[in-house]
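Trainee: Sequence:
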Amino acid sequence: MGPLSPELADAIETLVDAQILLVALDFDGTLAPLVDHPGDARPLPASAELLGRLAALENTVTALISGRDLASLRAVANPPTETLLVGSHGTERWAPESFGTDATHIDLNVKQSTALDKAIKVLESVVSDHPGTSVEYKPASVVLHVRRAAQDMASKAIRSAHDRLENIENLWTLDGKAVLEATVLSGTKGEGLDWLREVADASTVLFAGDDVTDEDAFAVLRPGDIGVKIGSGNTRAQFRLNGPGELSALLELVLDMRSL
88 MGPLSPELAD AIETLVDAQI LLVALDFDGT LAPLVDHPGD ARPLPASAEL LGRLAALENT
148 VTALISGRDL ASLRAVANPP TETLLVGSHG TERWAPESFG TDATHIDLNV KQSTALDKAI
208 KVLESVVSDH PGTSVEYKPA SVVLHVRRAA QDMASKAIRS AHDRLENIEN LWTLDGKAVL
268 EATVLSGTKG EGLDWLREVA DASTVLFAGD DVTDEDAFAV LRPGDIGVKI GSGNTRAQFR
328 LNGPGELSAL LELVLDMRSL
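Going by this note's numbering, the sequence shown opens with residue 88, and the numbers climb by one from there.
Among the clues, some could well be false.
[Said to hold, decoys possible] Quick list of in silico lysine to aspartate or glutamate cross-link-like pairs, EDC-like style, CA-CA up to 16 Å: (1) K208 - E256; (2) K205 - E256; (3) K264 - D123; (4) K208 - D281; (5) K243 - D216; (6) K198 - D123; (7) K264 - E223; (8) K205 - E223; (9) K205 - D250; (10) K243 - D262; (11) K243 - D204; (12) K205 - E145; (13) K208 - D239; (14) K264 - E302; (15) K208 - E223.
[Said to hold, decoys possible] Label pairs and their computed distance ranges (CB to CB): (16) D239 - N329: 36 to 46 Å; (17) P90 - D204: 44 to 54 Å; (18) E100 - R161: 26 to 36 Å; (19) P90 - A158: 25 to 35 Å.
Treat the hints as calculated values from the structure; they're not laboratory data. From the three backbone atoms N, C-alpha and C, an ideal C-beta is built for every residue, glycine too.
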């Protein structure tokens, strides 16, 4: 038996009748394996090739929805030109001109810039006190990475960061897998997925993701949609795959159904 459960395979087979299908994927931990350095991430070749073939089909729209900013997402994912993009947890949005919608870019005001500067100083201080941790800088956020730290050191770093960030105004924190992100833009992947559905005029959505922040996208799925959790952990998704290496089997079956 392949990586797809019979129930998931049956659900995918129903997509043959979807008038317009949106296939939306998280990137890190879903299309690409998790890595220690964000800039080193790349999509698994089989899944990337299948995503390109899906993007070329009529009445099938592909999208990537990520916590990365769009510049970083483009750099590591090299997405098909037809693929819609949502970055920075739903606050950055881009679609090809053929979809007739304006892109959403990051433009911080004075209060947001001040809050981000404060958060950067806090996390840089946390990193200096906790070996194995590191900071990633984004246009509207700063991220504490603890994947390479010893478990007790990682936990201490996350707790310290939370305690020191909580009094900064105009700032939100997002917990993920071995990361803590401090952002000055309030957005969710659920909002991003709703935007993708509207822009694509999709009748049915397939969304796959692995992280805590992807639960916001699973939460906005509707009857007839398909949610696939990649990896372990509690989830709202109906189905699960063990890891990014199994995603290609899912995409291949979707491609088969949409090519009939």
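Trainee: Does each hint fit the structure? Answer for all of them.
Mentor: Hint by hint, here is what the structure shows:
no. : hint                    : result
1   : K208 - E256             : holds, 14 Å
2   : K205 - E256             : holds, 10 Å
3   : K264 - D123             : holds, 12 Å
4   : K208 - D281             : violated, 34 Å
5   : K243 - D216             : holds, 10 Å
6   : K198 - D123             : violated, 32 Å
7   : K264 - E223             : holds, 14 Å
8   : K205 - E223             : holds, 15 Å
9   : K205 - D250             : holds, 14 Å
10  : K243 - D262             : holds, 14 Å
11  : K243 - D204             : violated, 22 Å
12  : K205 - E145             : violated, 47 Å
13  : K208 - D239             : violated, 23 Å
14  : K264 - E302             : holds, 13 Å
15  : K208 - E223             : holds, 12 Å
16  : D239 - N329: 36 to 46 Å : violated, 27 Å
17  : P90 - D204: 44 to 54 Å  : holds, 45 Å
18  : E100 - R161: 26 to 36 Å : holds, 33 Å
19  : P90 - A158: 25 to 35 Å  : holds, 33 Å
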